[in-house]
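J.: If you want the building blocks of each chain, they are given just below.
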Amino acid sequence: EPEVTQTPSHQVTQMGQEVILRCVPISNHLYFYWYRQILGQKVEFLVSFYNNEISEKSEIFDDQFSVERPDGSNFTLKIRSTKLEDSAMYFCASSEVQGNSPLHFGNGTRLTVT
Amino acid sequence: SQQGEEDPQALSIQEGENATMNCSYKTSINNLQWYRQNSGRGLVHLILIRSNEREKHSGRLRVTLDTSKKSSSLLITASRAADTASYFCAQDMNRDDKIIFGNGTRVHILP
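Chain order of the listed sequences is R and C.
So in the numbering used here, spot 7 of the first sequence is number 7, and the numbers just go up one at a time.
Just so we're on the same page, the numbering used here is the position in the second sequence counted from 1, plus 114.
Keep in mind that the hints are not guaranteed to be accurate.
With beta-carbon atoms standing in for the labels, derived distance ranges [to be verified]: (1) Arg164/C x Ile60/R: 35 to 45 Å; (2) Gln11/R x Asn152/C: 18 to 28 Å; (3) Glu167/C x Ser55/R: 17 to 27 Å; (4) Glu167/C x Arg22/R: 29 to 39 Å; (5) Thr141/C x Leu39/R: 37 to 47 Å; (6) Arg174/C x Val97/R: 19 to 29 Å; (7) Ala196/C x Gly40/R: 33 to 43 Å; (8) Ala192/C x Glu18/R: 41 to 51 Å; (9) Pro122/C x Glu68/R: 20 to 30 Å; (10) Glu3/R x His222/C: 25 to 35 Å.
Treat the hints as calculated values from the structure; they're not laboratory data.
Computed from a prediction, not measured in an experiment: that's the story for all the values here.
Ideal Cβ placement from N, Cα and C applies to all residues, glycine included.
My request is simple: use the sequences and hints to build the entire structure.
T.: Following this line, the structure appears as C-alpha cells:
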C-alpha cells in the first residue's frame, strides 16, 4: 500500500538555525498538510497546500515557517530560525481530494531544538 | 478555539471489554473522522462518518454521530491488548481546507 514518507526521522538543531523537513506524499494525492505534535499532546494543524499554494494556515504558521513543493514528489516544511518551543513531532499528511477523504500520515520527524 | 474535545482523556480496561470514547466539537462539519496513534508513530485513519450519517461500522469499530449535539462516539468492541493507543477525533469543516484534531483519548487495554 502506498505511504507517506518523511525524512529525517529525527533532527537535532541549535536554536536560531534553519531546518528543512522533507515529505514525499502519496503520488496521486493532491492535498498536502503539515501538523505538529508537542510530546504527548494534541495534534496541531499548521498548513494545507493545494495547487502549489497555501490554502489554509494556522496562527502557529508565522513568518518563520514556509512550505514548498519543489518538484513533483517532495513537499517540504522550512523553519527559518528555530526556537526551543519548535521542538515537537512534525507530521506530513496527504489526501486524494478535499472533503470526505481521509488523511494519510507519515511517521513524523522528531525535531529537537537545543 | 475550533478544536474538539475528547473524553475521557485516558481509559484503562481489561482485554475483552468494550472501550467507548466521546468527541464533542463546536462548528458545523462536513464529516468527522477518527484516527489512531501508536506511541511515537503517525496517525492512522480508522473511520470517516459524513454529516448526514448517524452510525458507521468497520470491523470491531462503531462510530456514531449526533450533529444536533455536535458529538460523536467511538466504540471498540471486544478490545485487545493491541488496541492500546491514543485515539483522536478530527473535524473536517465545511468551509476550510483543514482538518482539526481533538486532544485525544489514551486507551490502555490490560491483558
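J.: Compare the structure with each hint and give your call.
T.: Hints and how they fare:
The hint said 35 to 45 Å for the Cβ distance between Arg164/C and Ile60/R, and at roughly 29 Å that hint is violated. Between Gln11/R and Asn152/C, the C-beta spacing of about 21 Å keeps the proposed range 18 to 28 Å intact. Distance hint check for Glu167/C and Ser55/R: the Cβ-Cβ separation is about 26 Å, which falls inside the suggested range of 17 to 27 Å. Between Glu167/C and Arg22/R the beta carbons are some 37 Å apart, a value that agrees with the proposed interval 29 to 39 Å.
Between Thr141/C and Leu39/R the beta carbon distance is about 28 Å. The supplied range of 37 to 47 Å is therefore violated. At about 28 Å, the beta-carbon gap between Arg174/C and Val97/R stays in the expected band of 19 to 29 Å. Judged by the Cβ atoms, the range 33 to 43 Å given for Ala196/C and Gly40/R is violated: they are separated by roughly 20 Å. Restraint check, Ala192/C to Glu18/R: a C-beta distance of roughly 49 Å satisfies the suggested window 41 to 51 Å.
Between Pro122/C and Glu68/R the CB atoms are about 40 Å apart, so this pair departs from the stated range of 20 to 30 Å. In this structure, Glu3/R and His222/C meet the distance hint of 25 to 35 Å, their C-beta atoms being roughly 27 Å apart.
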